[in-house]
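Here the protein sequences come in this chain order: A, B, C and D. Quick note: the first sequence uses the working numbering, first residue 1, plus one each step. Quick note: the second sequence uses the working numbering, first residue 1001, plus one each step. Quick note: the third sequence uses the working numbering, first residue 2001, plus one each step. Quick note: the fourth sequence uses the working numbering, first residue 3001, plus one each step.
By construction, these hints were calculated from the structure, which means they are not laboratory data. Quick caveat: nothing in here was measured; it's all calculated off a predicted structure. Built from N, CA and C at the ideal position, the CB exists for glycine as well. Be careful, since some hints might not be right.
Output of the computed footprint for chain A on chain C, the stretches with three or more beta carbons under 8 Å from beta carbons of chain A [stated by the list, open to error]: (1) 2156-2168; (2) 2248-2256.
Sample of chain A residues with no beta-carbon within 10 Å of chain C, all distances over it, derived [unchecked claim]: (3) E47; (4) R48; (5) R202.
Which residues of chain C face chain D? A partial, calculated answer using Cβ under 7 Å [stated by the list, open to error]: (6) A2045; (7) R2062; (8) L2083; (9) D2137.
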Amino acid sequence: MEGQDGYGRPIVGPVSDGDKTPAGPLDVGQPGRTVVIQLRQAISLIERFPALAGVDLTVSEGEIVLLRGPNGAGKSTLLRLCAGLAPLNGGRGEVLGHDLSSRRERRELRRQTGLLAHATFLYDELTVEENLMFWARANRLDEASVEPVLDRLALANRLRHVRVANLSAGQRRRASLAVLVCRRPRLWLLDEPHAGLDVNGRDFVDGLIKHAVAFGGTVLLASHDFDRAAEIATRTVIVAGGQVQETDPAGLGGSPEGRMARRPPVAPAPYVAPPPRWGHEPDDSPPPDPGAGSPLVGRPPRVEAAGSRLGGRATADPPRPSRAAIDGAAGNEAVADPAPEPAPADGEGDGSGTGRSGPPQPPAVGAGPGSRWRGRRRAPAESG
Amino acid sequence: MTVKDLRIELTSRVVMAQILPFGLLILILFGLAISPDLVVVGDARRPVIEEIAPGLFWLTVLLSALMALGRAFALEADDGNLDALRMAGLDPAGVFLGKALAVTVQLVAVETVLGFGAFVVFGAPVARPGLLAATVLLATVGITLAGTLYAALAAGLRVRDTLVPLLVLPVLAPVLLGATQASRDALFADPGVPGWSWAGLLAVFSLLYLGVGMLAFGPLLEES
Amino acid sequence: MSTTAAEPTGAEPGDKPLVASAVNPPHTGSVATRRLGVAAIVLLALTLLFGLVLSPPEVSQRDAVRLMYLHLPSIAVTYLAFLTTAVGSALYLRKGSVYWDLVAGAAAEIGVLFCSFVLVTGSLWGKPTWGVYWQWDARLTSTTVLFVMYLGYLAVRRLELPPEVRSRRAAVLGIVSFGNVIIVHYSVKWWRGLHQGQTFGADTKMDGLMLFTVFLGLMSFLVLAAWLLIHRFRVSWLAREVEQVGLAQALAERRAETDATGLVGRSR
Amino acid sequence: MYWQYVAGGYGFVAVGLALYTSWVLRQGRRLSRKLPPERRRFLD
């Protein structure tokens, strides 16, 4: 209904006169990949301000797209549009196979995307655990799925019974990340995921992103932490003036690793893998059996529909990578890290206190998050 | 969805510590404003008391309900949580019921204390407790259902605090009327007086808003 | 009524009713509305003539009964307008057409206007007949509640929200409000059921001329309301169009922001 | 008899209608002047 006024005209039709929205199939995206996001001259208004003034963007499954641009360029709105929260006031758009101009499809879309926004989406008066439980239930997830996530985000300790109002900004961020991880969306929309986090947390975010992609997810992130973001992004998109100005498929200024980070296409499957642990260790625990206790059970994986309408569907399903390949990919992240310092951690608090001792870790890695925290921080000094 | 009200309840415990005294304060202020005799006099059948006590009580409840409602939606608006609720893909009708139920629970708690206060302050005897209980329950449900619906209209707006009373109070006029009449009958009148018909009106009102709220909450919750 | 002398002017003679003309007039008039407006003026003048001059004073109320010729039509228009709001809201929600949303909004505004007429003429009428301006009469009370309720509706229409959100909220309110009108009406009537007495219908025995005058007033107010509705709707429509033109400009400005960033150049 | 009330009632209605009507008409002119002629259509 947003699409037309009473006379069948597009609501902002006269406005976008020069836009010449194409009618046919739009973009094929990358060969062999399902198109996840497809925007054509998308316009999105905040009140009366055109935050997005005609965005063209195509994102295929498995991509990690970095959005760059000055403040107020429209990055956040673009993410909200893809999440189905911001309205599509003009142009066309399809995300995960859901038409953005249809309210019903947008509702469906919202359940399949995860947005890490500036707002934390947490209730101040509740403890971390209560918040997570509430959101898990609100998302119709099994409450049992919360516990491992708490554990992985090092929230299973003292912090779980602390009210969110008493958390530091970084810890709050971590809690809302935990909610996101619980949901295990197919499309991750991260708005400044690195902001407010310490080094440890940023590492975790990076690992999380890579991990999400390895298991069939797609990531869109806006970040000002450019060096770090470009390292993991497979592509950089510059947003300015409410439009996508330029896209660099090779990963703008990215490191070789960034470019290599492109993983082989993953066959569409429910994303069930456990995320990396806080403290950025290699994810050595195998993904649980898909289907058994999967939080996505009950939500039909609508992957088949993705891109079908706009003609971006891959012709042949690529072979699914073996478990070893995935684990190896996840392990790469660890290899890039400095070796953990085995010195015992005393959980020294910095400003945000995120370095507190985490959950007991598997012996394979040896050190707890506290020591990793130290090691991470000292690494440059030692090497220099 | 019952989960949700539990959560909200948990959070709102903090608030109850403010709304409740507020209600009591209003009750006392009413007593002061109307006549000093009212407070002193025990169960002497003063017509003024009989006329006024139920009305005052329900007015107080209405004002407290407004605060509770405002609080209930301020919770969601605080940190973009309405967005998150929408992301969760919850059934709007469920959200509506959850919200309303949470406020109802709070309001019943407030009413219990207020009623006790009114009993002490105004010294009203209860002739028909059954009718009174039914009235309190039905009226509360009516207030919260309608109130939740209208509070959602203004959710997340800067003008919420002023707009909600403007919208809700006229709508709740029948509830105020029915509750006042019914509880007056329950307190003073002989069993012959048709107090139950007023309770019936309250029930109809509640049912109506139950249906309307469940239907209409979807479009309301849905931004854009 | 002298007021409608500010009638629609100068629509092109050739254009068909309600259809865009080749030359678009810089106002909200058209041939159809001009005819409607003339009809409204004539009818209103007739109502004045009959209401103030020709119709006889009533036995008990004397000349105060002349207020009835405004009061009754106003009530009719009020209720019809609010009904239009409800219908428009429902159709908006169903079809999603902005047209109906604007109709609903215009009707509500007119309804509030005429509702204020109802209240004022009613209480002015009450002073000589009942001896007081205000009585806790069923109709008076419920009409007042109605008035406030739709003031709230208009307030919602004026909220700073994205237009579609606002329209949708207003539409929900428009429908619910009308249902509320009924509840309020009956509950208050019940409340004051014992002394219903003194409203208009009670002291009937209207003679033919009075009845005719009431009918005349009804007709004139209905035509007037229709004319107002059309114009008000067109004003809303124009406002929307203006907004969209502004939007085009805003879009252009937004897109022009690009060059100021310097990011694009650096990335190359 | 009671002419003052009648006058008050008729006067109020007259003033109310006059104000509203002139506001609507003036608003229409003001807004349509802001639009290019081809968009001054009320219905398509």
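Now for the hints, and whether the structure bears them out:
no.: 1; hint: 2156-2168; verdict: holds (count 4)
no.: 2; hint: 2248-2256; verdict: holds (count 6)
no.: 3; hint: E47; verdict: violated, 6 Å
no.: 4; hint: R48; verdict: violated, 7 Å
no.: 5; hint: R202; verdict: holds, 22 Å
no.: 6; hint: A2045; verdict: violated, 12 Å
no.: 7; hint: R2062; verdict: holds, 4 Å
no.: 8; hint: L2083; verdict: violated, 20 Å
no.: 9; hint: D2137; verdict: violated, 17 Å
Of the numbered hints stated above, those contradicted by the structure are hints 3, 4, 6, 8 and 9, listed in ascending order.
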